[in-house]
Every structure is written in C-alpha cells, then in structure tokens.
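Once you have looked at the hints, place chain B on chain A.
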Amino acid sequence: SQQGEEDPQALSIQEGENATMNCSYKTSINNLQWYRQNSGRGLVHLILIRSNEREKHSGRLRVTLDTSKKSSSLLITASRAADTASYFCATNQAGTALIFGKGTTLSVSS
Amino acid sequence: DAMVIQNPRYQVTQFGKPVTLSCSQTLNHNVMYWYQQKSSQAPKLLFHYYDKDFNNEADTPDNFQSRRPNTSFCFLDIRSPGLGDAAMYLCATSRETTADQPQHFGDGTRLSIL
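Chains as they are written, first to last, in the working numbering: chain A, 1 to 110; chain B, 1001 to 1114.
Extracted from the complex, chain A is given alone in its bound form (with noise of 0.2 Å):
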C-alpha cells in the first residue's frame, strides 16, 4: 500500500526559480526521505529528516516535516536545468519496508 503522495504529479519551472513539492503520509512515521531520479537512471538519496525533526537543510534543498499534518515539503532553490528529474519522498516505520510515493516530476528550463 502507498504511504506517501506527492504533489504536485508535475511541475515546470525556469531556472533560478525555486521549486517545491510536496508529500502527505497517512501513518505515524520514524522518519522520512526524499530521493531523486533522473530519467532512466536509479533513484538517489538526498535527505533524510526525522520525526523529532521540523526542518533539514543540505545546499540547495531544504525541507520541513510537519508530524501533526503528516506532511513533508522539499524546496530546491535557485534551480537549475540538472534538477530536472522526477523526485520521491519515502517512508517507512521501525522494521518495515520503505514506501515511496508516486513522485513528482520536475522540469527546468533554461
């Protein structure tokens, strides 16, 4: 069964604009990851926050969980034409596999 969806399914931007996307959750979570994928290509871990955690930063990425709304938020800024992919948030409790979303695809262009 899925855990997380993202939203929005798709995004198109220009670059040095920022970027964000969304995920909701519907259980009780230890912690939650988003991931990247580039067409074609495997998915790549990019950060991971913890449920104790309200807001996590790594360069241009920075992303807020909020537990009381079961939601994430990944906000890349100034983007760039390499950010396009399509991007995953991932959950999973103690002991349980991880669920990823559906994704969302984002487009940069220049």
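You may find that some hints are simply not true.
Some chain A residues close to chain B (C-beta under 7 Å, calculated; not the full set) [said to hold, decoys possible]: (1) Asn30; (2) Asn31; (3) Arg41; (4) Gly42; (5) Leu43; (6) Lys56; (7) Asn92; (8) Phe100.
Listed next, the in silico SDA-like pairs over lysine to any residue satisfying Cα-Cα at most 20 Å (straight line) [unchecked claim]: (9) Lys1044(B) <-> Thr64(A); (10) Lys102(A) <-> Ser1040(B); (11) Lys102(A) <-> Thr1060(B); (12) Lys26(A) <-> Lys1038(B).
Think of the hints as simulated: they come from the structure by calculation, not from any bench. On a predicted model such as this, the values are computed, not experimentally measured, just so you know. Beta carbons: idealized from backbone N, C-alpha and C, even for Gly.
Frame of chain A; chain B shown alone:
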C-alpha cells in the same frame, strides 16, 4: 567509488522464457533489495535480504525469486515472464534495515518482454 552495479542495463526476453538480472555492490552493506518500477509509478519492493535471510513481500508473485550467494551479489530470477513484468528493476542496498538508513540504488535493468 563504492557503488551498486546492475547488469545488464537493458534486457529483452521472450514471453515465458526465464531471465536473471544481477546486482553487485562494493559498499559491504548487509541489506540488498529488489524493486520493480513501472512507467511513471513508484518503485515497489519485491523482496530483500538481510545478510542471507530472505524476506518476501506478501504481494510479490511466486514467479519472482531471488538468490544472494554472498554479501556482494544478488540475483533476481523471473521464472516465466509475462507481458505485465516489463518494467525497470532496481537493486538497492543499505547498511541495516532500521528506519534511519538511506538506500543506495543501482541504475536499474529495463526488462522488455517480446
């Protein structure tokens, strides 16, 4: 560089003809996973190994089996591929199965069924 390698990148097989996909890792991770990803869908876990312990997801078809002869290698066997098995198959590893472990993915094998 430590990594997860999948071979081949593209595999074509005939309907009903057994096929094996391979994955190797140099990360020395305890856990290896196999995912199926169909077009524009989320990766779906088929099974995983913690060391030699095999863990099958409840809804993984019996047609799919796996072998892990040693820490570095893991194989996905599809005994009688059907048209619905055409997909990208992704191998991943993690150090442990605890919830705070990121997974490291290979670039996948895209399987086509004729």
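Evaluated hints:
1. For Asn30(A), the interface hint holds, since its Cβ comes within 7 Å of a Cβ in chain B; the closest pair sits about 4 Å apart.
2. Taking 7 Å as the C-beta cut-off, the interface hint given for Asn31(A) holds, the closest approach to chain B being about 6 Å.
3. Here the hint on Arg41(A) is kept, as its CB sits about 5 Å from the closest CB of chain B, short of 7 Å.
4. Annotation: interface hint on Gly42(A) holds; nearest CB of chain B at approximately 3 Å, less than 7 Å.
5. Nearest Cβ of chain B to the Cβ of Leu43(A): about 4 Å, under the 7 Å cut. The hint holds.
6. Interface restraint check: Lys56(A) against chain B, minimum CB-CB distance 13 Å, threshold 7 Å, status violated.
7. With a cut of 7 Å, the hint placing Asn92(A) at the interface with chain B holds, because the nearest CB-to-CB distance is about 5 Å.
8. Checking Phe100(A) against chain B: minimum C-beta separation of about 4 Å stays under 7 Å; hint holds.
9. For a cut-off of 20 Å, the pair hint linking Lys1044(B) to Thr64(A) is broken: about 25 Å separates their Cα positions.
10. Annotation: proposed proximity of Lys102(A) to Ser1040(B) holds, straight-line Cα distance about 7 Å (limit 20 Å).
11. Among the hinted pairs, Lys102(A) with Thr1060(B) is consistent with the structure: their alpha-carbon atoms are about 19 Å apart, no more than 20 Å.
12. Using a Cα cut-off of 20 Å, the hinted pair Lys26(A) and Lys1038(B) is violated, with the two alpha carbons roughly 23 Å apart.
The earlier numbered hints that this structure contradicts are 6, 9, 12.
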